[in-house]
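Undergrad: Here is what each chain is made of, one letter per residue.
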Amino acid sequence: MEDDDDDDDDDEPVDVLPKLREECMSGCKKEIDNYKACEERIAEKGHGDCESWYFDQLACVDKCVVPKLFEYTK
Amino acid sequence: MLGSRQALHRVALGSASAASLAFLSTTLLSKSSDDHIPSLGYTWTHTGFLDAFDAKAVRRGYQVYKEVCATCHSLEKIHFRELQGVTHSSKELIEMASEIDVVDGPNDEGEMFERPGKLSDPLPKPYANEEAGRAANGGALPPDLSLMAKARHGGVDYIFALLTGYCEAPAGKVMLPGLYYNPYFAGGAIAMPPPLQDGQVTYPDGTEATTSQMARDVSVFLNWAAEPEHDERKLQGFKYLTVLGLTLAVTGYYKRFRWSTLKTRKISYVN
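Chain order of the listed sequences is A and B. Each residue of the first sequence is one higher than the last, beginning at 137 in the numbering used here. Each residue of the second sequence is one higher than the last, beginning at 266 in the numbering used here.
Keep in mind that the hints are not guaranteed to be accurate.
Below, computed lysine-lysine pairings styled on DSSO-like, alpha-carbon distance capped at 30 Å [to be verified]: (1) B:Lys-438 with A:Lys-165; (2) B:Lys-331 with A:Lys-204; (3) A:Lys-155 with B:Lys-296; (4) B:Lys-342 with A:Lys-204; (5) A:Lys-155 with B:Lys-356; (6) A:Lys-204 with B:Lys-321; (7) A:Lys-172 with B:Lys-438; (8) A:Lys-204 with B:Lys-415; (9) A:Lys-166 with B:Lys-383; (10) A:Lys-155 with B:Lys-331; (11) A:Lys-210 with B:Lys-331; (12) B:Lys-438 with A:Lys-199; (13) B:Lys-296 with A:Lys-166; (14) B:Lys-415 with B:Lys-342; (15) B:Lys-415 with A:Lys-210; (16) B:Lys-415 with A:Lys-172; (17) B:Lys-356 with A:Lys-210; (18) B:Lys-504 with A:Lys-199; (19) B:Lys-499 with A:Lys-210; (20) A:Lys-210 with B:Lys-438; (21) B:Lys-296 with A:Lys-165; (22) A:Lys-155 with B:Lys-321; (23) B:Lys-296 with A:Lys-210; (24) A:Lys-199 with B:Lys-356; (25) A:Lys-199 with B:Lys-321; (26) A:Lys-181 with B:Lys-321; (27) B:Lys-415 with A:Lys-181; (28) B:Lys-356 with A:Lys-204.
Stretches of chain A that chain B covers, calculated by requiring three or more beta carbons in the stretch to come under 8 Å of a beta carbon on chain B [claimed, not checked]: (29) 158-164; (30) 167-175; (31) 178-188; (32) 196-204.
Derived from the structure by calculation, the hints contain no laboratory data. These numbers come from a predicted model, not from an experiment. Glycine is no exception: its CB is placed at the ideal position from the N, C-alpha and C atoms.
Sequences are here, hints too, so could you generate the full structure?
TA: What follows is the structure in structure tokens.
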């Protein structure tokens, strides 16, 4: 479903949302670093979960994506 | 006067507490403390004080509901007749209703019978009852969506976020089998698999059916389904508030005018 390198792109419509999210990740370095640090911490400890830091990351990306997303839909 | 031994104690205590408090540095603390993330406000065209639903979106949304969601989710409170003038014309709806079979009765012999649907019938339910719905979905009943836009914090924003929000579970989160991770869903583990894929539906008006587009349309449709009075409500609200506002101004002026005699009265006591 992810073949967006076709010659004619009226075969499969490609959603812009994943690309927007990736672009917005560049503005959330602190949150991404915190999450990765948490991942390493729990890998060492063997227990625990990183959901809160994951939420921080997602919330940061959302703040960037949400105002822009509907420009790409009717 | 502190003795040198007491001073040493104090220094040791100070550095120990500084070290133990290091875990409170901002890079380690997370800001989120809930079991889901809130959905932010998308730039809908119908959320303003004087904005009506995008009729084209409601129509496309009905198509998405019917082709994708109606397999599992009922929309019991909506009847075919309520779609008249909103998504389809009466003629189209009479035809659409007649395509389904509805159990009616009892007839004069006391038997239930099947007949083609009419405008007055509710939209067809995917499962006959709750038990059938649970049995077909691993114990989790797909909820009726008639009022979902009003029944969840975030409303239409929540529905859109949920539909487009599926992602990988964070490290360390234990996911039971059969559940999918969605950070907008309370608890994070939802029984519904991601329902939308690019190109799943073909819109007759040529709109590109991307996941975001379908999610947007079905969210607007579900918002209409929960608040079919929406457009009329806002129109009447505007009219009434304007008229009452003017009335307030006129009445207020008249009251102040009449009371001015008393309010500017001076009383003096003479012995």
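Undergrad: Would you mind marking each hint as holding or not holding in the structure?
TA: Hint-by-hint comparison with the structure:
no.	hint	in the structure
1	B:Lys-438 with A:Lys-165	holds, 22 Å
2	B:Lys-331 with A:Lys-204	holds, 28 Å
3	A:Lys-155 with B:Lys-296	holds, 26 Å
4	B:Lys-342 with A:Lys-204	violated, 34 Å
5	A:Lys-155 with B:Lys-356	violated, 42 Å
6	A:Lys-204 with B:Lys-321	holds, 21 Å
7	A:Lys-172 with B:Lys-438	holds, 15 Å
8	A:Lys-204 with B:Lys-415	holds, 25 Å
9	A:Lys-166 with B:Lys-383	violated, 58 Å
10	A:Lys-155 with B:Lys-331	holds, 29 Å
11	A:Lys-210 with B:Lys-331	holds, 20 Å
12	B:Lys-438 with A:Lys-199	holds, 24 Å
13	B:Lys-296 with A:Lys-166	holds, 12 Å
14	B:Lys-415 with B:Lys-342	holds, 13 Å
15	B:Lys-415 with A:Lys-210	holds, 23 Å
16	B:Lys-415 with A:Lys-172	violated, 37 Å
17	B:Lys-356 with A:Lys-210	holds, 27 Å
18	B:Lys-504 with A:Lys-199	violated, 36 Å
19	B:Lys-499 with A:Lys-210	holds, 23 Å
20	A:Lys-210 with B:Lys-438	violated, 36 Å
21	B:Lys-296 with A:Lys-165	holds, 15 Å
22	A:Lys-155 with B:Lys-321	holds, 26 Å
23	B:Lys-296 with A:Lys-210	violated, 34 Å
24	A:Lys-199 with B:Lys-356	violated, 44 Å
25	A:Lys-199 with B:Lys-321	holds, 28 Å
26	A:Lys-181 with B:Lys-321	violated, 54 Å
27	B:Lys-415 with A:Lys-181	violated, 43 Å
28	B:Lys-356 with A:Lys-204	violated, 39 Å
29	158-164	violated (count 0)
30	167-175	holds (count 6)
31	178-188	holds (count 8)
32	196-204	holds (count 4)
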